[in-house]
Each structure stands twice: as C-alpha cells, then as structure tokens.
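As a plain string of letters, each chain reads:
2 protein chains.
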Amino acid sequence: MAVAAAGELLDLLSREVRELSLGCTPEVVRIDGPPDPVQFLRDFVMPNRPCIITNAIAHWPALRLWSNSYLQSQLAHRSVSCHFTPDGRADALVQAPQSADVGSKSSHSDGGDLEGEGPANEIVFASSLVEVLPFPTALECVLSSSCEDRSVAYLQQQNNCFPLEFSALSEDVDSDIAWASEALGCKPEAVNLWIGTQESVTSFHKDHYENLYAVVSGEKHFTLLPPTDVHRMYVKKYPAAHYERTDSGSLVLKRDSPTAWVPWSSVDPFPKNAERQTAESQHPRYFGGPLAFECTVRAGELLYLPSLWFHHVRQSPDSEGRTVAINYWYDMQFDMKYAYFNFVECLAASSSTLETISIRSSS
Amino acid sequence: MAVAAAGELLDLLSREVRELSLGCTPEVVRIDGPPDPVQFLRDFVMPNRPCIITNAIAHWPALRLWSNSYLQSQLAHRSVSCHFTPDGRADALVQAPQSADVGSKSSHSDGGDLEGEGPANEIVFASSLVEVLPFPTALECVLSSSCEDRSVAYLQQQNNCFPLEFSALSEDVDSDIAWASEALGCKPEAVNLWIGTQESVTSFHKDHYENLYAVVSGEKHFTLLPPTDVHRMYVKKYPAAHYERTDSGSLVLKRDSPTAWVPWSSVDPFPKNAERQTAESQHPRYFGGPLAFECTVRAGELLYLPSLWFHHVRQSPDSEGRTVAINYWYDMQFDMKYAYFNFVECLAASSSTLETISIRSSS
Chain F
1 MAVAAAGELL
11 DLLSREVREL
21 SLGCTPEVVR
31 IDGPPDPVQF
41 LRDFVMPNRP
51 CIITNAIAHW
61 PALRLWSNSY
71 LQSQLAHRSV
81 SCHFTPDGRA
91 DALVQAPQSA
101 DVGSKSSHSD
111 GGDLEGEGPA
121 NEIVFASSLV
131 EVLPFPTALE
141 CVLSSSCEDR
151 SVAYLQQQNN
161 CFPLEFSALS
171 EDVDSDIAWA
181 SEALGCKPEA
191 VNLWIGTQES
201 VTSFHKDHYE
211 NLYAVVSGEK
221 HFTLLPPTDV
231 HRMYVKKYPA
241 AHYERTDSGS
251 LVLKRDSPTA
261 WVPWSSVDPF
271 PKNAERQTAE
281 SQHPRYFGGP
291 LAFECTVRAG
301 ELLYLPSLWF
311 HHVRQSPDSE
321 GRTVAINYWY
331 DMQFDMKYAY
341 FNFVECLAAS
351 SSTLETISIR
361 SSS
Chain D
1 MAVAAAGELL
11 DLLSREVREL
21 SLGCTPEVVR
31 IDGPPDPVQF
41 LRDFVMPNRP
51 CIITNAIAHW
61 PALRLWSNSY
71 LQSQLAHRSV
81 SCHFTPDGRA
91 DALVQAPQSA
101 DVGSKSSHSD
111 GGDLEGEGPA
121 NEIVFASSLV
131 EVLPFPTALE
141 CVLSSSCEDR
151 SVAYLQQQNN
161 CFPLEFSALS
171 EDVDSDIAWA
181 SEALGCKPEA
191 VNLWIGTQES
201 VTSFHKDHYE
211 NLYAVVSGEK
221 HFTLLPPTDV
231 HRMYVKKYPA
241 AHYERTDSGS
251 LVLKRDSPTA
261 WVPWSSVDPF
271 PKNAERQTAE
281 SQHPRYFGGP
291 LAFECTVRAG
301 ELLYLPSLWF
311 HHVRQSPDSE
321 GRTVAINYWY
331 DMQFDMKYAY
341 FNFVECLAAS
351 SSTLETISIR
361 SSS
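Protein chains in written order, with full-length UniProt numbering: chain F, 1 to 363; chain D, 1 to 363.
Hints listed in this document are in silico derivations from the structure and should not be mistaken for laboratory results. Check the hints yourself; a few may be wrong.
Said to hold, decoys possible - Here are a few chain D residues that sit away from chain F, every Cβ distance over 12 Å (derived from the structure):
1. Ala92
2. Ser144
3. Pro269
4. Arg314
As the list claims (entries may be wrong) - These stretches of chain F come out as covered by chain D in the derived footprint (C-beta under 8 Å, 3 or more residues):
5. 32–42
6. 45–57
7. 173–187
8. 331–340
Every residue, glycine too, gets a C-beta built ideally from N, C-alpha and C.
Given the sequences, and given the hints that come with them, work out the whole structure.
Rendered as structure tokens:
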C-alpha cells in the first residue's frame, strides 16, 4: 500500500505551476502599455498569471485632478458608503475582545463581553460598520483615521460603488478598460473606488472575478498566492460578526444572529514580531513554502489580478495622506480551470490538518 | 473519519465540468465561418472546449482537386511513409496472438508464439510497421486495405509529414490556420496528412497539442472525452510491441527489446457485440458514466480538438474509397490548467482499481 499525504501532493501541484508557468522567482511581470486583447487573453488570463501594466491609464484626467479639494468640491453634495472598523481591518479575523467597547484603539477592558452567542476570545470574521455620509464628512473621517482614539474609516464599498455613488467623477476615468472588455467579451460587472490610508489593510481572500486594479494616487502593496496554493491558506469557517456603533459613538463587535459561518484564510502574512513564531508554527505550509508574489502598484499603474488568486493588500499614502484606487471586476469563466480549482480546494478543505489526510492506494 | 473514494471525487469533477462549461448534452457545437482570434481563445481554447467550424477551409483548392488520379499524378515520383497493420489498429492494444503470422486477417494459429519475451495472449501496445514507398504504390495499398488477406495500409505519418513528404501538394491547402496562429501566437509545430479507409481506427489517446483537424474528403467520426475524465480511461502500462514483415510478406508482432512500457487507455468504446458485456464489466466508469462527445467531421469542416482531450477516431470513405484529412498541431500552453490535469491524472493513475483509493480525513 502506498500512502502519500494529500498535503504533499498539493505541494507538488503548487511547485509545478511555478516551474511551468509563473516562474520560480515570485515576481509579477511589468509590461509597458496596454496589451492587445489576444496577448492579454493568451499570456495572462488563460494561464491565470498576474501582471502590472504601466502607461495604461496615463490619459486619465483623474491622475492630475483628484486632489482632496477637487474631490470635496465635485462630491460636495453626494452621500457615500463609508466603512468603519476600530483598527482598519474590515472583513478580517478578529479575536473577540473581552470588552464590548472596541471603538478606541486605546480601549481597555471594561468587563463587557462580545455581544451575541459565542465565548469571549474566540476568533470571529468581523465586517465593518457601513455608514452613509456626506462625502466631505466621509473623507475627513478617512484622513483622520491615523489619529489616536479614532476608528478607521475606509471608502471601500464594493458593490459597483463608482457609478452608483461617485458618478460626479465619471468623466475623470474610463468606464471600462477597453482592451480587457474586448478580450473578456463583456463590460465590467462592477467598478469600485477605494480611498483609504495606511491604517487599512485587506486580509487574504480571493474573488470570483478577473480584476483590473488601477492606482490613481499613493501605492498599493499586494501579497499574492495562486489558486493552486489554496492548501497553504488554512481556510476555516469562522462565525460572522459585525461592528455596530454605540450611543457613545464607539464601535462594538456583535456576532451575527442567527450564527453564520464564513470560510476565510487564517493566515496573516505580516504578523507582529512577537507573534511571528506562533504564526509560523500555526501555518507552516504558508511560512515554510514557496514565497508569495509581492508587488507594489504605483500611481498610474494597473494590476491584472487573475480570478481566484489570494490577495492581501496594504497601502502607502500620497502627499495628501490617502491612497486612491479604482478597480474593474469582470466576470470570470466558470470553466474547466475553475472546476479543477474546486476539486483541489475540496481536497485542501477536507481537513483543517492536512497532514492527517492520506491518499491511499492498495496495488 | 470521513472516507470518500477518489473515484467518486473525480466523478464529481467530471460532472461539474459538464455542468459548468461543456454542457450536459455531449454535443460538439458547430460555428459557421472562422472565429476571430479573441473569440477562439476565449470561447474554445481557454475553456478547453471543442467545436466544429464550417466554411473555414472552403477556399482550399484541395477540396475539389484531390482525386486519387490527381494525387497519383502530383506525387508520382515521391516517396512517403506508409503504416501497415494486420487489422487497421496502429498504436493500439492487441492481444498477442499464439500465431506469429498475424499478417492475414484470415490467419490461423500455426503454433508459433509472439516473438520476444512476454507470455502468449498478453495484451501489448502494438505500433505499425512503417515502410517508405513510392506514393502510387502506397495509395494502392491503402485503397486495397479492404480486400481480404491484405494487411491494412494507412498514410498517417505524424511527424510533420505534410511539408516533409507531400510538399508537391502544398499549394492546395493553407500552410497554417491563420486565425489560430494569431490566437495561439505561433505557427503549427507539425502539419500531418492522413489518407485511409474505414479499416483504420485510431484508439483512445490524448495529444499535448491544440489540434485543428480538417477533413478534405470522406468523414471522420470522433469519440471525445475531456481531460477531466482521465479516471474513466483506465490508463495502464502495456509492453510495447511492433509489427515486422516476414520474408513471406506477412506481418509479425514482436515485443520491443529491451522491454518498454507504454501507458495507454484500456477502453475500446465500440466493442464487438459478443464482447460488450465483458467490456462494460471491465470498464464500468467509462460505460456507466456520462456519454462521450460524438461528432462527425465532414469534408470541408474543421474540428478544434483541444489539448489533452481523449479521442478515438473512425472514418467513412468518399466515393473513391478513401478519407483524406490534414491536421495542424499547435503547441499547447503548459500552464496552471496543465498542472491541474497532471495532478488529477496522478490521482487517477495511483491505482488501476480506483475504488481502492480513499481520501481519508480524520477531523
């Protein structure tokens, strides 16, 4: 009888994709100027390979226009969805605090518990509080996110917010990425605007979209892993929770009722120094395996982030203290490659401790 | 502990690909006229989906010119590689006969054994005998293949034989399929000519190429299974053998020395009536699973046969008694989709009796 741990087989797959197609050095290629649609499909979408395209959005008026004062003036009378968290981590795993008051970064335990069911100190999947505010107020909240004792605000509504809430800016960018629309055979399903600061971090996750991510101002730092590394993401189900605002204005975390379970990657690729050793021992396949693809997308650059790639995103502000980006989600093909991914994800998920799964063959 | 047979998981993958992308009715779509390169990549190559294209080669002079007498005249002084087998099954599994004389379809056991090592009656992978002959002689052999007591000849040399041996016909067809070359970013790696009769059958196998298969005269009948059905192909390793011609002119099967092992599908999708029950019990995943994709490619039509699809091919002759086709092999991308296939193939191959493999997870 031959026994091979499923984790080892999946490691082979992960390494083979690098050797064949992505390159053993985890580097995101830069190409100068927009690819033609055939090249984009053949060299990037089909092999599910990311790239950064320079000089693809150089003609956008947004690149020179979108100062804070311009945005304040264009959107003076618009309302927008603003996301609040105590610490800049929306859609992220959070240790449910002993204190109900988690709105202040300097909050101390006051003896309260996480509201809802679950025990204190459990790990939950926390969604931000979304408040609809006049844009000038929202931008002020974002810009003051770095101040102590303030919760962190992030303009990051993802349900096609750009045409819905920021239509006053529509002349400043293209409504789609023309060569991508031609290649993919459709217009974007959603276009989203992002205005945030270095306080906001997006945790590892994947999207079922082909993503074209344009940075208008500041920088975005992406940490990327291909879909074939799903077994290194330690995806587990966590109880859903969300922030609510108390009468005093602080944020409190509440478990969703009825309890909902969200599958999410357990990996924080940048643990604090004091927590690094614990993180490495908890997630050895991530920290001990091939390096992630790290890249910085600068103002004026466009990242093609292929469907189902896991991505963790940080940002650096421009001279006005914010990072501004706009992304285009195109429908992905739910085809053979997607079915293969589901198969591999199913194997990876069949146990939270992959080492105990074996592929057994008696011959 | 949860135990799921690997065969069941692979069945799920096989079904999901049909539901998502290929269609639950196993039908090869027909499109009228050549697709543009973007459409070809996006709708067929990327999702690894076959199609038949009508009116793509209507401008080829070959369609009206290639009578037997025209071919005899154009190639009067050329030598070509002609493949001989006793029964029309080259590159096929054959039960090693008790008789060494397998050249005649009416041969009887004369007490001789398969030459080489191995026991009599074992199943071997038999390659054809290739003889270089003047084209007129070769065509005569092909056309008389249906006669009793004659071995079966098939012009089916696959190493780029069209430009190498049939260059006198090069003006009659295109040297590549222009829109496919543009989509795939390269010229064909090989162009092959096929002239055969209904006596010749190609057994189930896959190629590491994107294949554009044009029928010039007669009909080709393809039985197709997607790569995600690899576990239904019962691929096993068989000892390699080949036909040689004896002094008396008949064909004898010899095992290769030193022994070589060839992985090949064990499935004959069209067993004789008397053997059908045995075939079904030996290969239940093939005969009990989703139907194969059956299609007939007629004169003037072009089949896109995606890389790694298993294909079994039969043919019907035209009024002159032969089927003529020409195919273009383009390099495939060895990318993430290919790595996924290797992973699945490895699972499928890890035991010849998949039922005994289990994915075990202790939670």
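Here is what the structure says about each hint:
1. Every Cβ of chain F is farther than 12 Å from the Cβ of Ala92 (chain D); the closest lies at roughly 25 Å, confirming the non-interface assignment.
2. With a cut of 12 Å on Cβ distances, Ser144 (chain D) stays outside the contact zone with chain F, its closest approach being about 43 Å.
3. With 12 Å as the threshold on Cβ separation, the claim that Pro269 (chain D) sits away from chain F holds: the shortest Cβ distance comes to roughly 22 Å.
4. Even its closest Cβ contact with chain F, about 26 Å, leaves Arg314 (chain D) beyond 12 Å, as expected for a residue assigned away from the interface.
5. For the region 32–42 of chain F, the stated coverage by chain D is satisfied: 5 residues place a CB nearer than 8 Å to a CB of that chain, which reaches the threshold of 3.
6. Chain D is given as covering the region 45–57 of chain F, and this holds because 5 residues of the stretch bring a CB closer than 8 Å to a CB of that chain, at least three being needed.
7. Taking a C-beta to C-beta cut-off of 8 Å, the region 173–187 of chain F contributes 4 residues in contact with chain D, enough for the three needed, and the coverage statement holds.
8. For the region 331–340 of chain F, the proposed coverage by chain D is satisfied: 8 residues have a C-beta within less than 8 Å of a C-beta in that chain, meeting the threshold of three.
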